[in-house]
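Here's the letter readout for the chains.
Number of protein chains: 4
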Amino acid sequence: MELGMIGLGRMGANMAQRLQLAGIAVTGFDPGEQARVAVAGHGIATVDALQALVQALPAPRTLWLMVPSKVVDATLDSLLPLLAAGDVVIDGGNSWYRESQQRAARCAAAGVGFVDCGTSGGVWGLQEGYCLMIGGEKDTVARLSPLFKALAPAADRGWAHVGPVGAGHFSKMVHNGIEYGMMQAYAEGFALMDKKAEFDLDLAKVAEVWRHGSVVRSWLLDLSADALQANPALDGIAPYVEDSGEGRWTVAEAIELDVPAPVITLSLLERLRSRQANSFSDRMLAAMRNEFGGHAIKPAGEAG
Amino acid sequence: MELGMIGLGRMGANMAQRLQLAGIAVTGFDPGEQARVAVAGHGIATVDALQALVQALPAPRTLWLMVPSKVVDATLDSLLPLLAAGDVVIDGGNSWYRESQQRAARCAAAGVGFVDCGTSGGVWGLQEGYCLMIGGEKDTVARLSPLFKALAPAADRGWAHVGPVGAGHFSKMVHNGIEYGMMQAYAEGFALMDKKAEFDLDLAKVAEVWRHGSVVRSWLLDLSADALQANPALDGIAPYVEDSGEGRWTVAEAIELDVPAPVITLSLLERLRSRQANSFSDRMLAAMRNEFGGHAIKPAGEAG
Amino acid sequence: MELGMIGLGRMGANMAQRLQLAGIAVTGFDPGEQARVAVAGHGIATVDALQALVQALPAPRTLWLMVPSKVVDATLDSLLPLLAAGDVVIDGGNSWYRESQQRAARCAAAGVGFVDCGTSGGVWGLQEGYCLMIGGEKDTVARLSPLFKALAPAADRGWAHVGPVGAGHFSKMVHNGIEYGMMQAYAEGFALMDKKAEFDLDLAKVAEVWRHGSVVRSWLLDLSADALQANPALDGIAPYVEDSGEGRWTVAEAIELDVPAPVITLSLLERLRSRQANSFSDRMLAAMRNEFGGHAIKPAGEAG
Amino acid sequence: MELGMIGLGRMGANMAQRLQLAGIAVTGFDPGEQARVAVAGHGIATVDALQALVQALPAPRTLWLMVPSKVVDATLDSLLPLLAAGDVVIDGGNSWYRESQQRAARCAAAGVGFVDCGTSGGVWGLQEGYCLMIGGEKDTVARLSPLFKALAPAADRGWAHVGPVGAGHFSKMVHNGIEYGMMQAYAEGFALMDKKAEFDLDLAKVAEVWRHGSVVRSWLLDLSADALQANPALDGIAPYVEDSGEGRWTVAEAIELDVPAPVITLSLLERLRSRQANSFSDRMLAAMRNEFGGHAIKPAGEAG
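Protein chains in written order, with the UniProt record's numbering: chain Z, 1 to 304; chain G, 1 to 304; chain V, 1 to 304; chain F, 1 to 304.
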């Protein structure tokens with residue numbers, strides 16, 4: 001089977017390698033030369049234009065998009081005119097499922113198939129395999145199954161056709177919402193142990209022991225144990241947490257469906273809060289306390 | 001009626017004045033000379049020792065404690081041996097209601113009455129009157145009613161005998177928990193308007209208009225409008241919010257009684273969070289994101 | 001000054017009366033005969049068609065929409081073709097501010113002015129006046145000021161021109177978000193007192209005393225005291241809380257602007273939760289506890 | 001090595017078996033005959049009195065308590081007088097770490113050693129091994145290491161001496177707090193997918209695919225997949241979630257140490273909420289909405 005991989009960043013490059021190692025003939029495209037060179041170093045053919053990519057593939061073509069969600073539409077703008085009926089586009093990135101549904105309709109109008117594939121596993125996927133949540137038509141997904149088998153941790157595990165177009169990215173969105181909540185739960189627990197000076201706990205040791213036999217064992221705990229082993233006091237790391245969008249979508253979807261998801265929601269809000277340098281809300285509270293109780297206001301800039 | 005006021009800080013001094021103005025003969029005691037001098041300037045008799053205070057009052061004596069909750073027991077240690085059966089001690093501070101119950105028992109063993117009086121109103125109480133939530137025995141509270149009438153906004157409003165000993169401080173504790181939640185709600189709303197650059201809202205103007213006819217009008221809003229009028233951008237105020245204990249008790253009590261109080265609880269946690277200079281929890285999240293996704297960590301100390 | 005009021009429901013009918021009492025000549029329209037008859041009983045002219053309403057008003061016309069947000073666009077569809085350049089439409093309902101901005105553009109294309117007026121005060125506005133947050137062009141708002149003076153609690157208080165089109169409904173949206181948080185804070189506090197059997201507190205009495213001199217005094221507390229006075233145990237009321245949309249918009253806006261608003265957000269989620277009859281989430285937790293700890297599952301339908 | 005196991009419930013019985021299989025000579029005691037008989041069926045010696053247990057063990061004796069936390073003190077009351085200097089008591093249950101510290105002092109006064117061992121693993125520990133977090137003196141823990149090696153998943157993994165007495169139960173307390181947060185995150189995610197009728201997702205299938213290669217893979221997810229496989233709609237399960245105390249302790253400790261732990265805290269509150277049959281808080285909100293907006297109250301008992 002042959003595949004065109006569009007986007008050779010951290011995720012796309014690793015996936016191209018894993019596919020290639022499994023015997024899939026991958027041709028990669030990325031607008032950046034450096035990205036192409038890096039992938040070529042692993043024996044993967046690369047091209048420097050979408051047109052060249054399309055020409056390099058036998059019909060019906062399979063194109064895997066592994067690009068930031070905000071450039072998917074622009075990529076389709078360029079790609080769709082080059083494709084023919086029967087070709088298939090897979091969006092393996094973190095797109096919003098409703099946009100995937102619209103994109104499927106747009107592709108369908110051109111006779112092109114569309115599959116949305118939520119992809120989890122991060123930088124470890126190359127070695128350990130990726131978890132793939134797939135939305136699309138049954139026949140199309142079946143035809144692409146060799147790809148999924150190559151990418152997943154085991155040929156028959158770690159990938160699933162979960163529903164029609166949109167269902168893949170929807171499941172991945174919820175997956176990421178859960179991820180936020182789990183991460184926050186661990187972070188709070190370790191912060192509590194860190195503050196408990198009385199016991200002078202070795203957090204890496206606690207994380208390590210929990211990995212074996214405990215109720216909270218998980219892959220995120222494995223990674224936490226690694227991080228704490230390497231940097232027990234988490235020195236040099238700013239308390240600043242990014243979010244990449246899926247958490248927001250999860251929160252919005254939950255509210256739209258009248259499903260209370262307080263922990264996932266709070267986990268997102270904590271990230272927003274971590275990035276606030278001078279909270280207006282907290283200054284307002286301090287000002288109110290001063291107004292009603294004469295409580296002293298701490299001047300800005302004074303040490304904590 | 002005569003009263004001994006123990007503690008002439010911000011609250012005690014103001015209450016002594018309001019009582020004196022209402023015709024109650026107040027003798028004040030405070031270990032600090034400056035506090036005594038300030039109160040004396042308002043024509044209130046002061047003494048510099050508890051013993052002198054007790055001697056200055058006719059039996060049966062009425063002593064009002066307006067001291068920090070953590071020194072109430074030490075004050076009783078000194079005071080109780082000086083008192084006689086029939087005397088009454090009122091704790092008007094923010095004590096934990098269970099300690100008030102224990103103190104009532106201790107006083108009772110000496111034949112001394114005890115009343116717990118939750119007092120709200122802050123620095124504005126001198127002018128506007130105090131809201132008083134009173135716990136104690138019916139007869140005792142009735143005998144003390146002239147005091148409560150003098151302190152409350154109107155003789156028959158703003159004070160109430162709400163139950164047995166402990167009920168006063170319990171109600172005040174819940175009052176303060178609600179206060180946390182209300183303050184946080186306003187603070188979040190104003191922070192949201194502050195961030196909405198598109199409309200360049202004049203927050204003092206919005207606060208002012210809400211004071212008249214809106215569903216959210218309140219005394220806390222009146223104060224917020226004042227604060228925003230005086231300092232529209234809340235300049236020079238650190239985003240650092242203290243808490244004085246009652247919120248913690250409210251949260252603990254709610255959990256003990258199996259009553260979910262998420263908003264009051266979160267309001268407390270937000271205050272804790274406002275005081276964190278370098279959240280371990282957030283650094284842990286950043287470290288985890290780096291581990292699984294290769295997401296860049298922001299170095300400590302780098303500008304936001 | 002003359003005004004056409006479109007929508008004679010609870011809010012529109014009361015506002016029409018308050019305007020009429022202030023000397024504004026109001027003509028009312030509502031598709032429902034009952035609503036028209038009720039308003040006519042207060043001496044207000046009514047018509048049974050939009051066209052008749054437009055014809056009844058002198059140019060330049062002023063039309064006040066007081067209809068559910070979901071029918072505003074349909075109303076404009078019918079109304080705009082009947083209007084002439086120089087006429088003005090005021091949307092006094094709870095519309096989403098972004099739709100108001102779009103509607104203003106649509107009106108402008110027809111030469112018609114548009115003002116968004118966030119209106120607070122509920123059923124009490126007829127007597128006490130409404131709080132009005134107004135967005136629009138300076139000249140237009142100035143021309144309409146007699147209306148706002150008539151509706152607000154005092155001619156010069158309780159209404160304000162807060163910014164360009166959209167700013168009025170934006171401020172009202174945030175107002176309602178704050179309202180959710182305040183209501184939830186009170187509700188939690190009263191629930192905690194209700195559960196504290198030891199003190200057998202009279203909640204109406206506590207609410208009443210708090211109304212005078214306390215930090216938590218507010219109009220919502222006045223109403224709470226009324227409600228508890230009338231029905232101390234809140235008998236016969238289902239624990240089921242509706243939401244009307246503005247809370248959702250506030251939460252979405254806060255997240256979009258990276259402003260953490262945990263208390264407003266949780267207040268919304270608590271309402272969603274109040275309406276869940278058989279929480280999947282809670283069943284999932286019970287199932288997990290059974291899986292790992294062998295903890296007994298409570299069978300569905302068994303009494304609490 | 002020989003051991004006396006006190007408490008042959010679900011946990012104690014399984015641990016006794018795992019120890020016995022590893023060559024530790026276990027004598028079990030439980031006041032309940034049925035529990036003793038069950039354990040005896042696995043070839044473990046049992047006795048029907050504490051005195052007999054103490055006599056059956058060679059000095060210095062090792063006693064493992066696996067009893068509910070609320071009966072630990074009563075058990076020590078009976079046990080301590082029977083022990084001699086040099087004996088050691090291990091509390092393997094979910095005790096509050098501060099009580100463990102007090103119990104250690106009490107044992108020390110009698111020359112008896114005390115070790116607190118937080119034990120995780122639930123009903124699966126017999127097969128998979130238990131995760132053990134151990135607090136106590138270095139020499140004592142070293143002497144007992146054969147027991148820990150036998151109970152843990154692998155002789156050198158899954159158990160750790162984390163600090164002085166109290167540190168074991170403290171770590172286990174935090175572990176359980178994290179567990180609450182993780183469970184709630186999964187529960188919310190699955191509830192959201194359950195509500196998304198559009199995709200008709202097979203939740204067991206999604207849970208299964210996530211187990212392989214995803215960021216959220218964990219043991220709790222393994223169990224969730226099992227539960228959903230067995231009962232896809234979670235039929236017959238009441239939405240009623242118990243809590244066993246450690247979550248409350250975690251929340252209280254976090255607040256005492258000024259560590260905001262919003263997700264762990266909310267997870268506890270959600271459990272409290274799941275057990276409320278007729279929330280006063282929600283009725284209060286409904287009553288307030290009726291007061292200010294005339295919004296209809298849903299009568300109690302009316303279908304959702």
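Honestly, the hints are just simulated from the structure, not real lab data. Any given hint might turn out to be false.
Any copy, or any two copies together, can satisfy a pair, since identical chains are not distinguished.
[Unchecked claim] As a list, the in silico SDA-like pairs of lysine to any residue whose alpha-carbon atoms are at most 25 Å apart:
no.: 1; residue 1: Lys138; residue 2: Gln34
no.: 2; residue 1: Lys70; residue 2: Gly293
no.: 3; residue 1: Lys205; residue 2: Gln55
no.: 4; residue 1: Lys195; residue 2: Trp124
no.: 5; residue 1: Lys70; residue 2: His295
no.: 6; residue 1: Lys70; residue 2: Pro58
no.: 7; residue 1: Lys70; residue 2: Gly294
no.: 8; residue 1: Lys70; residue 2: Ala49
no.: 9; residue 1: Lys138; residue 2: Gly9
no.: 10; residue 1: Lys298; residue 2: Asn231
no.: 11; residue 1: Lys195; residue 2: Gln55
no.: 12; residue 1: Lys205; residue 2: Pro164
no.: 13; residue 1: Lys138; residue 2: Ala49
no.: 14; residue 1: Lys298; residue 2: Gln101
no.: 15; residue 1: Lys138; residue 2: Gly41
no.: 16; residue 1: Lys298; residue 2: Asp77
no.: 17; residue 1: Lys70; residue 2: Gly43
no.: 18; residue 1: Lys298; residue 2: Pro81
no.: 19; residue 1: Lys298; residue 2: Gln276
no.: 20; residue 1: Lys298; residue 2: Asn278
no.: 21; residue 1: Lys298; residue 2: Asp235
no.: 22; residue 1: Lys195; residue 2: Leu57
no.: 23; residue 1: Lys195; residue 2: Gly245
no.: 24; residue 1: Lys195; residue 2: Arg248
no.: 25; residue 1: Lys138; residue 2: Ala197
no.: 26; residue 1: Lys195; residue 2: Glu137
no.: 27; residue 1: Lys70; residue 2: Ala252
no.: 28; residue 1: Lys195; residue 2: Ala277
no.: 29; residue 1: Lys149; residue 2: Asn231
What hint numbers does the structure not satisfy?
1, 3, 4, 6, 9, 11, 13, 14, 15, 16, 17, 18, 22 and 29
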